[in-house]
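Could you put together the complete structure from these sequences and hints?
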Amino acid sequence: MRFTLQFIAFTLMLSPACQDQSETRFQSQEDTSAETFAWNIPDNVPLPFIPPDKPMTESRFELGRHLFYEKRLSGNETQSCASCHQQDKAFTDGRALALGSTGESHPRSSMSLVNVAYVPTLTWANPNLRQLEQQILLPLFGENPIEQGLTESSFPRVQDQLRSDPRYQELFAAAFPDANELYTRDQIVDALAVFVRGLTSFNSPFDRFQRGEPAALSAGAQRGRQLFFSERMECFHCHGSYNLTDSNFDRTTSFIERPFHNTGLFNINGQGDYPSRNRGIFEISGKSSDMGKFRAVSLRNIAVTAPYMHDGSIATLSEVLDFYAAGGRHITSGPLSGDGRKNPFKDGFVTGFTLDAAEKNDLIEFLESFTDQDFISNPRFADPWRQP
Amino acid sequence: MQRIALRALPLLVVSSLASAHEEEATLGIPDGWSAQSTVAGSYRSLARVKSSERWIIPGFLMGGEALPMPRGFHLDEAMLSGSVGQNSSYALIKIGQHTGADGLELEHALVGQRLGAAGVLEFGRMSSVMTPYNSPHPSQTPFSDSPLVYDAFWGRQYNDMGLRARASLKDLGLETGLEVWQGDSFPAERKDAAKGAFDVYLRHSMRTAGLGWSFGLFHYQGEADRRKDNRYSAEHNHGLDTSTIPVYWFSGRTQVQGLHASLEFGEQITFGAEGEMQLSRSEGELRDATRLSPLESKARAHWASAYFKTDTQLAAIRYERLLFENELSGAAATALATAANLIGDKDPYRISAAYNWQWNPELKLRGEWLRDFTSGRKKDMGVVGFVWSYRISSDSPTAVME
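Heads up: the sequence lines are chains B and L, in that order. All residue numbers in the first sequence are consecutive under our numbering, ending with 388. All residue numbers in the second sequence are consecutive under our numbering, ending with 1402.
Honestly, I wouldn't trust all of these hints.
As the list claims (entries may be wrong) - Taking beta-carbon pairs under 8 Å as the criterion, some of the chain L residues facing chain B (in silico):
1) Asp1192
2) Lys1195
3) Phe1324
4) Asn1326
5) Ala1333
6) Ala1335
7) Leu1342
8) Ile1343
9) Asp1345
10) Ile1351
What the hints assert, rightly or not - Far from chain B by the CB rule (all over 10 Å, computed), these chain L residues:
11) Gly1028
12) Ser1034
13) Leu1046
14) Ala1078
15) Arg1207
16) Gly1210
17) Gly1212
18) Glu1267
19) Glu1285
20) Arg1287
21) Ser1293
22) Ser1375
23) Lys1379
24) Asp1395
In case anyone wonders, no lab produced these hints; they're calculated from the structure. Note that beta-carbon positions come from the ideal geometry of N, C-alpha and C, so glycine has one too.
Here it is as structure tokens:
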């Protein structure tokens, strides 16, 4: 009997306390962020959705950063992820078309990796490619085109090199402390994905203005802002939200939208065609109405990611505005000739507008306010092999 | 036949206390055979929720078979059970239908082995005996509704595939047991990652002439992996349009500790009181197709009942109250808490009063009044119903001869 009473008392002591009135509480997002991963995301922005079996940890982020800048992660050891995704260019490369490790040209331009954790579909035009861990295999192992050029036969060499490197020995052990085997392909991909998901940018002058710092934007940029968010310009329909795109996905999203747009860049032979190997999601779906539809990228850091469009065919922001003002592009000669303005599959928001020179300058000034200097110079995202 | 009925009478005029003591009288099932059939039905003046609404006690993640009794006349329970024992081993099968289940259900299918006079091993599908109030069928209690705590914490009852070891010290009135469960029953959910469930219990019970008492405690732990509220799934829609029902699931660990006690005295007229307190704590994450939120949920449930009974009549009152304390975090916390109906600051409670009249040895009539605050709205309702039950066994010579 005595033991029973003691056990009852013990059980009650261990039992969770529950207060005298029912209540449901919500912790702030800041607390959550601090518990898990240093997202560096302001309170007014929701956290991105992370696959439940791919936890974000600082140790994986650090391993991923090393791998991101690792040239041994290519078939001929000449190219890393960072070769086409350079931090000072918001993780693009400044080229019209990306160039693989063997010199093969990619049909499309390198995409910025800014806030890629929020992207519901990856690459320029693939509604089915949803997870970074799937996408990362393409540049590593893809053959058409060859990017980093790894193969099943060359990959064991990469594993051996990583295994024999004292720095990676520490990094892998810290990132995957419970793993029976280290240096696996999945671990490399997972760590790269964690690093890329951690590339967050929310401290541009535009962000600071939105958070209540009027001085963050110049008068011209504020006038440009009015234009950007006007029905006259229509920009915000495809480049709205906190991430300046309509293709956005986070933990508060209840329905995943995967919008793609034909902006009237081409209209080959007047049939709505786009150049071979660059036909947008038509290449996935086979539906004629999907011809030339590409994802609207985030405009964050847009001023440092020239040239523009999926094929890098427009060199400057000024020319991009001219293109949209015209409601598309009219190519008058050559094999790609055709009036993109009349492309039958063109998005309804690309209807053209007029801008005087002052307004254009204001708008460009506003687009330049999307540049987050902290992001493009943050040591957290920089090449670790260059640091002392 | 009349003699069988008279022997069965004490079993039919039952309070839940009495049924608890029946469990404790003998560990396992003695050699011989028995069979029992039960049918219970009732008419309710009001339903807790409209037929087009889900019943979720605000603040609680619910599941299992905890469905509300509908308005009008409905069958509460229809059960058929039989057991056979030989050479200290036995088997028990119980099938039937009750509110919350679709169609016939195999509720119990177990085999057991008595180990001497004080030990039992049982294996199969069965209801937990960690507390004598688990598996509260309407036929076994003065009330037609299960205690709220079983709806909120256990999906009406804890029933799963498992292995049970029980041991008793009869002289001291002590019994202890360990139950290891596959983990397919609410609040556990096995799937890929979860690791099943287990419980341990200890209780003491004693009965002397004119006086009986019992008390006990238990600890339960179960793991859930992507546990949905399956009560209103596409397969079990219960008349609702499932396309509009939010789908969310919980992954994590649930621990429940409980204390129960009862006291009964008197002979011709018996007075009794009983009650229970359970504390639950769930830690894990709540998510839907696109969002997730870490969740810590603490809850306390207690109920107390007092009754008096004669050979043919019983009157009882019961008071039940639930308290919860939920904490969610992350940007999706509010949205998910809303979808799962976890937001609230009112304690759900229920007050019940019941009168049972044993019309004849097989048939019991029942009338109840309830004040219910378990759906965010206070409701008063009346219930009238019946319980018909018949049991025969090989320990009744008359039954065998007939």
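Hint check results:
no.: 1; hint: Asp1192; verdict: violated, 11 Å
no.: 2; hint: Lys1195; verdict: violated, 16 Å
no.: 3; hint: Phe1324; verdict: holds, 5 Å
no.: 4; hint: Asn1326; verdict: holds, 4 Å
no.: 5; hint: Ala1333; verdict: holds, 5 Å
no.: 6; hint: Ala1335; verdict: holds, 6 Å
no.: 7; hint: Leu1342; verdict: holds, 5 Å
no.: 8; hint: Ile1343; verdict: holds, 5 Å
no.: 9; hint: Asp1345; verdict: holds, 6 Å
no.: 10; hint: Ile1351; verdict: violated, 18 Å
no.: 11; hint: Gly1028; verdict: holds, 23 Å
no.: 12; hint: Ser1034; verdict: holds, 32 Å
no.: 13; hint: Leu1046; verdict: holds, 24 Å
no.: 14; hint: Ala1078; verdict: holds, 36 Å
no.: 15; hint: Arg1207; verdict: holds, 17 Å
no.: 16; hint: Gly1210; verdict: holds, 22 Å
no.: 17; hint: Gly1212; verdict: holds, 17 Å
no.: 18; hint: Glu1267; verdict: holds, 26 Å
no.: 19; hint: Glu1285; verdict: violated, 8 Å
no.: 20; hint: Arg1287; verdict: violated, 7 Å
no.: 21; hint: Ser1293; verdict: violated, 8 Å
no.: 22; hint: Ser1375; verdict: holds, 14 Å
no.: 23; hint: Lys1379; verdict: holds, 18 Å
no.: 24; hint: Asp1395; verdict: holds, 33 Å
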